[in-house]
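Undergrad: One line per chain: the protein sequences are A and B, in this order. The first sequence begins at 1 in my numbering and counts up by one. The second sequence begins at 1001 in my numbering and counts up by one.
What the hints contain is simulated information worked out from the structure, not anything from laboratory work. All values reported here derive from a predicted model rather than from experimental measurement. One should not assume that every hint holds.
Calculated cross-link-like contacts (lysine to any residue; reagent style SDA-like; alpha-carbon spacing at most 20 Å) [stated by the list, open to error]:
no.	chain 1	residue 1	chain 2	residue 2
1	A	K28	B	R1036
2	A	K29	B	D1157
3	A	K28	B	K1250
4	A	K51	B	K1259
5	B	K1223	A	F8
6	B	K1250	A	L37
7	B	K1284	A	A40
8	B	K1124	A	K47
9	A	K47	B	K1223
10	B	K1124	B	E1102
11	A	K51	B	G1142
12	B	K1259	B	F1281
13	A	K11	B	E1102
14	A	K6	B	A1235
15	B	K1124	A	P30
DEER-style ranges, computed between Cβ atoms [as the list claims (entries may be wrong)]:
no.	chain 1	residue 1	chain 2	residue 2	range
16	A	A25	B	V1087	31 to 37 Å
17	B	N1115	A	E7	50 to 56 Å
18	A	A25	B	I1285	24 to 30 Å
Covered by chain B, per the in silico footprint, the following chain A stretches (three or more residues, Cβ under 8 Å) [unchecked claim]:
no.	region
19	3-9
20	14-22
21	25-31
22	40-46
Ideal Cβ placement from N, Cα and C applies to all residues, glycine included.
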Amino acid sequence: MSTPEKEFITKFISLASLKTSELSAESKKPLHDVTNLGVALPALRYKYDHKRA
Amino acid sequence: MSNNSRLTKTLARFQARIEAGDFYEAHQTLRTIANRYVRSKNYNDAIDLITQGALALLTAKQGGSATDLIFYLLEVYDVAEISVSEVSVARLVQLLANIDPEEPNVKDVVTGMNNWSIKFGSCKYGDPYLHAVIGSKLADGGHVYEAERYLVLGTHDSVDQYISLLWDWYTQSGDIKTAGDFFSRPIFNYLFIGNLQNAYAVKEKFLRKFIEYTGAKFETVTKNGFEMFYFDDYADLNFLQLLILTCQTKNADLFKNLKVHYAGSIEQYSSQLEYLGQEYFGIKIQKPVNFMQDIMSGLLGGK
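With these hints in hand, go ahead and build the complete structure from the sequences.
TA: Structure, rendered in structure tokens:
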């Protein structure tokens, strides 16, 4: 019943969580130290209508 | 007469003119008096006067005159070198709260405010509290991409606002298959700035909404404290969850392994992944090779 993707995921997670991670799941860089925002994400194909929100 | 009672009197006169509908005159008079305060370096009174004036004009739905005064206030902030503090930010927040999100120059107003907080604060991109309010105002006005930028750099409350903005947008798209397009945005944006806490919060909240809304088939996979939703039909959602965990490990082999497995479905993320590779795994971005330059420097004995 298990698909190749599911198998991969199970193995991958085991491997990735084997050791304690470098960073904690709660970690965040203070905004004072943020000097780069990464790359700009492409615009989405869908228009947002705030009047419908 | 003390300065303060003079200020109170000026404001009372101003208010009376506003109530009488003499907006133009009220606006001009206030500017003249504020000018006088600025010239005599009485910045505190100038700031109080302009702020109260702008608020009264906003209440009277005179957006044009009010925003003119807000720009003037920012000029005074600049001249007086007012630094970012609870008080100086709260004043701007109060003005923002009263501004109509449909005001035509709302984007310029928030840019002006943010530029001040960059110049006189400690964050390269501006003050997070200001961002939180700016982000929700821009979202209300339908300026989604601008709102997104501010919400990413906002406060703890901004995460929920960001999720709800994306969620509304997603449900408007009318195509449940597009979930990955929306989910990927906050995941990448938070990973870019090193905020794993928010990336995980988005994973949890957005995907729970998604499951509830679409009834998508899923299983929870848990291992050593990490938990994810595995979806049969949404490889991109699976990939993005694993990506958070992978960044957390900072293990370059895992990162490569993950990319190889999902190679087919993640082409659209190549520049994002290149950036994360550099930030979390020390993988240098390869610059395109300039053959001509190499040949020339080779001939000339250079390297």
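Undergrad: The structure should be examined with respect to each hint, and the outcome stated for every one.
TA: Each hint, compared with the structure:
1. A:K28 with B:R1036: violated, 47 Å
2. A:K29 with B:D1157: holds, 17 Å
3. A:K28 with B:K1250: Cα-Cα ~14 Å, so holds.
4. A:K51 with B:K1259: Violated, at roughly 39 Å.
5. B:K1223 with A:F8: holds, 14 Å
6. B:K1250 with A:L37: holds, 19 Å
7. B:K1284 with A:A40: holds, 19 Å
8. B:K1124 with A:K47: violated, 30 Å
9. A:K47 with B:K1223: violated, 39 Å
10. B:K1124 with B:E1102: violated, 28 Å
11. A:K51 with B:G1142: holds, 8 Å
12. B:K1259 with B:F1281: Holds: K1259 of chain B and F1281 of chain B sit about 13 Å apart, inside 20 Å.
13. A:K11 with B:E1102: violated, 51 Å
14. A:K6 with B:A1235: holds, 10 Å
15. B:K1124 with A:P30: holds, 11 Å
16. A:A25 with B:V1087: 31 to 37 Å: Holds - the Cβ-Cβ distance for A25 of chain A and V1087 of chain B, about 36 Å, lies within 31 to 37 Å.
17. B:N1115 with A:E7: 50 to 56 Å: Holds - the Cβ-Cβ distance for N1115 of chain B and E7 of chain A, about 52 Å, lies within 50 to 56 Å.
18. A:A25 with B:I1285: 24 to 30 Å: holds, 27 Å
19. 3-9: holds (count 5)
20. 14-22: n = 8 at 8 Å, threshold three: holds.
21. 25-31: holds (count 6)
22. 40-46: holds (count 6)
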